[in-house]
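These protein sequence lines map, in sequence, to chains U and S. So for the first sequence, numbering that gives the first Met the number 0 puts the first residue at 0; every next one is plus one. So for the second sequence, numbering that gives the first Met the number 0 puts the first residue at 0; every next one is plus one.
Calculated from the structure, these hints are not laboratory results. For glycine and all other residues, C-beta sits at the position ideal for the given N, C-alpha and C. One thing to keep in mind: the hints can contain errors.
[To be verified] Quick list of simulated restraints, FRET-style, between CB atoms:
1. S:L289 / U:D291: 55 to 65 angstroms
2. S:F50 / U:T27: 40 to 50 angstroms
3. S:A409 / U:R346: 53 to 63 angstroms
4. S:T46 / U:V30: 43 to 53 angstroms
5. S:E155 / U:D291: 51 to 61 angstroms
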Amino acid sequence: MSGFPILSLMLLIPLVGGVACLVSNAQTARVIALAATLIDLALGVVLWASYDIGGAQWQFTERADLFAGMQWALGIDGIALLLIMLSVFLMPICIGASWKSIETRVGEYMAAFLLMETLMIGVFAAQDLFLFYIFFEAGLIPMYLIIGIWGGAERIYASYKFFLYTLLGSVLMLIAMFWMVNEAGTTSIPVLMAYDFPPQAQTWLWLAFFASFAVKMPMWPVHTWLPDAHVQAPTAGSVILAGVLLKMGGYGFIRFSLPMFPEASAQLAWVIFALSMIAVIYTSLVALVQHDMKKLIAYSSVAHMAIVTVGLFAFNRQGLEGAMIVMLSHGLVSGALFLSVGVIYDRLHTREIDRYGGLAINMPQYALFFMLFTMASVGLPGTSGFVGEFLALAGIYQLSSWVTAVCTTGIILGAAYMLYLYRRVIFGVQKNADAAAMPDLDAREWLMMAPIAAAVLWMGVYPESFLAPMRQDIIALDARLAQARPAGDAKIKVAAAKPAVATANEEAH
Amino acid sequence: MDLQHWLWLIAPEETLSVAGLILLLVAAWGGDRASRLISILCVAALTAAAFLVAPALCSGAAGAGTEAFYGQYRADAFASFAKLLIYGAAGVTLIVAPAFFDRVKAMRAEFPLLVLFAALGMGLMVSATDLLTLYIGLELNSLSAYVLAAFLRSDERSAEAGLKYFVLGALASGILLFGMSLVYGFTGTTSFAGIRGVLGGEMGMGALFGVIFMLSGLAFKIAAAPFHMWTPDVYEGAPTPVTMFFATAPKVAAMALTMRVAMEAFGAQAAAWQQIVIFAALLSIVIGALGAIGQANIKRLMAYSSINNVGFILIGLATVTAAGASAMLVYLAIYVATTLAGFVAILLLRDENGAPVEAIADLSGLSRTRPWLALALAAVMFSLAGIPPLFGFWAKFVVFQAAVEADLIALAAIGIAASVIGAFYYIKIVKIMYFDDAADVVKGTGDWAHTAILALTTLAISPLGYLLTRWIGGLADSAAAALFLAA
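With the hints as constraints, model all of the structure from the sequences given.
Right under this line is the structure:
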């Protein structure tokens, strides 16, 4: 496969599909969009299959001198590979989710989604700092349109909030990037990842990048755009937002903040921990009292992302691996939960939890899928959520028992709000006649739910498939962070082994 | 010292003036019926002049060989870069204007001639290396512009715009002239090189006042805050093709002139004017952004947007480096393309009677009734806001990169954070066009020339524009190098 520009091709196909959608009628646009995303999924599978685990750190690299001041430089490591896989996996499902529910301006809608896909893949594949920024920032436009045109009642407010919040976060990062490029004399991300910036400057750079990634992540207290954006976005918009867009923040931390500014990361880790602890507890409590299903899941996203950030800043392998798995798992699970909400929203056109009840009786298949995803969100062993959260918490436990204690509480709260939601929607009496009359999943919905369910179980039962591609990269990152790793508070004292005689004596008794 | 060489250097100016004089006679005898023919011939003259200046830019002409008339005039790569933009903008104005004026039966033979003479004046401005050449060029441009602003004689708003522009413009010229007299008085010379030589060491109070007055006068011409007040009124009142012209060509000319004056004549005293420029830049960004938010007329909005953009361009000037100058030129080029696209799109907004639609509220739901027009206008808005992947991002990119390289990190951070305020009203236009219910006011259609220019300029500001970055960047670099070689 070497030399074949597969990444450029993956960027090009949705782009061409998007332009084609813009000029075609509704049904054609749907077919084009589905075809383009499926081709990209196929290419993604090829990408994963031909990815050489344990081989070079950066594979499928491409370079072209197209622009002044930056390069068309693409390439992926294991981390990027998995996030690209997540994107291309969720995209056809999103198109499927919008198949019937979007009836107005279908061509534009599909075009916006395909453009989104191009940009997301571009973010994960870019190896040039400014190319990354362009992809990172350009996502604002299609997302703004998706929320604003096809969103719910408060869509205008939500779209403004989304746009301006994220823009303000990222422009400061741009200034920091200028400084870095000026200092290091290169725009290449792999080179910058190994460049040692002076520690004083690192703090400022770290804060500038933090301003951007914290908003995208989103971390408390800049998370408030997320519930608004989610509630108002169409189902597929929510899936992409939760599934992939939020991962850009985590990807940013793991690709930029940690390797490029290890000292500052260690120094300012307390900021991350403090914000994450607040986020876990606060947003979980907020989620408990929500009446709107999508808002509830949106707040749970903030809480899960907080687990990601503590895992990332644990400065050890478990933490990093755990954070990555939580990101992938959350991408699948929250995407699936939004889809589940979308399924019943399409039937009853409300997201009020109280308008439902007893769905287990008339929608048993739906109840089963929803249960699986609820359990995965809670982190039940056997699902993807458990693997990630366990690893992330095990990682942070080596650094701080307090942070671990608080975050674990958040997981208990997570179980509370998810199970409470499940009980209210699925169990109980069928108090609403219209909800009781809703039909069960049809074939299209099966096709959307089943692949995600399979992936969730796969990741939960055999996480090695997902850990293997990124293991080398996590080890490399861990080695890079070793110079700055803060001391843990565990203070483990290994006692001298008891003399064997004593044991023998006890046994003798 | 060689007259023939000098005459060859000013060939573009000769072309324009001879063409202008001949066409003036045609206009005198042919009357308004000949206006279309004169427009076409003016565009031809501008094209010819553009071909004459292009070689200097491509070869990166600089140094003594480009000077004419004992240091009065310089035809270097820098001037050529600005002139190409000016001639281009003037040409586009001439192409789109007839359709606009014909509808109100106001197309007169003088219009293309005034634009031609304004372009000639602007060409002199960007080539000036002496205070006198500077002033002649500036006034030739300004006097034509005052008449152009009031061109719709029967329209009250147009007359008001012309009068306002004239009164305030004359005041600014007076301030500039006063500054020039002070500078001349304290340095004893009018040539930029001479002024630079004399202002080398400690600068006296008198000369400092001269510098400040001159920069204030120039700030008026580029519509930088706090000398921006005239802009919204003039932009709103002037006929739309004229507004388009004002927003592009004179902006380029005045900005290039400011660069030349600041870097060349006052280059040795950069510390004295750098703070002024920083202040004007930040103020322009903020006032441009805040002022635009409440606007209901799209031309007024574009006026505030131009103030906002001038602020960003001035950040490049504040760096006092060749990289900054090159960034300003790139910014100007992209800004001209974006503004042309924006105003051509505005010209295409017509109701069923063909009357221009200017109220922002009437754009409601434009994306449903006129999807391609809305798409172009949205591209303009996102480009002006500097959101990648549109090309407007590249303009801000190079300017802020130059600022960071010049160690003006605080300025860059504040400036770019303030740009987020500006983003608000740009995305508001997109919101009105895409999210709101259709008002269905825009019904008229334009001719093919409008559509072609809109398509071309929109393609230029689309992501495809990035493929031009190496080319534009290279040209701007050689132009900036020429400016600094002379300095």
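Between S:T46 and U:V30, does the beta-carbon spacing fit 43 to 53 angstroms? At 47 angstroms between Cβs, range holds.
Range hint 51 to 61 angstroms: satisfied by the CB atoms of S:E155 and U:D291? holds (54 angstroms)
Is it true that S:F50 and U:T27 lie within 40 to 50 angstroms of each other by Cβ? Holds, since S:F50 and U:T27 (Cβ atoms, about 46 angstroms apart) stay within the stated range.
Given the range 53 to 63 angstroms, decide if the beta-carbon distance of S:A409 to U:R346 lies inside it. Taking Cβ atoms as reference, S:A409 and U:R346 lie about 55 angstroms apart, which means the hint holds.
Range agreement (Cβ of U:D291 with Cβ of S:L289, hint 55 to 65 angstroms): About 35 angstroms separates the Cβ atoms of S:L289 and U:D291, which means 55 to 65 angstroms is violated.
Hint 1 alone, counting from the list given before, is not met by this structure.
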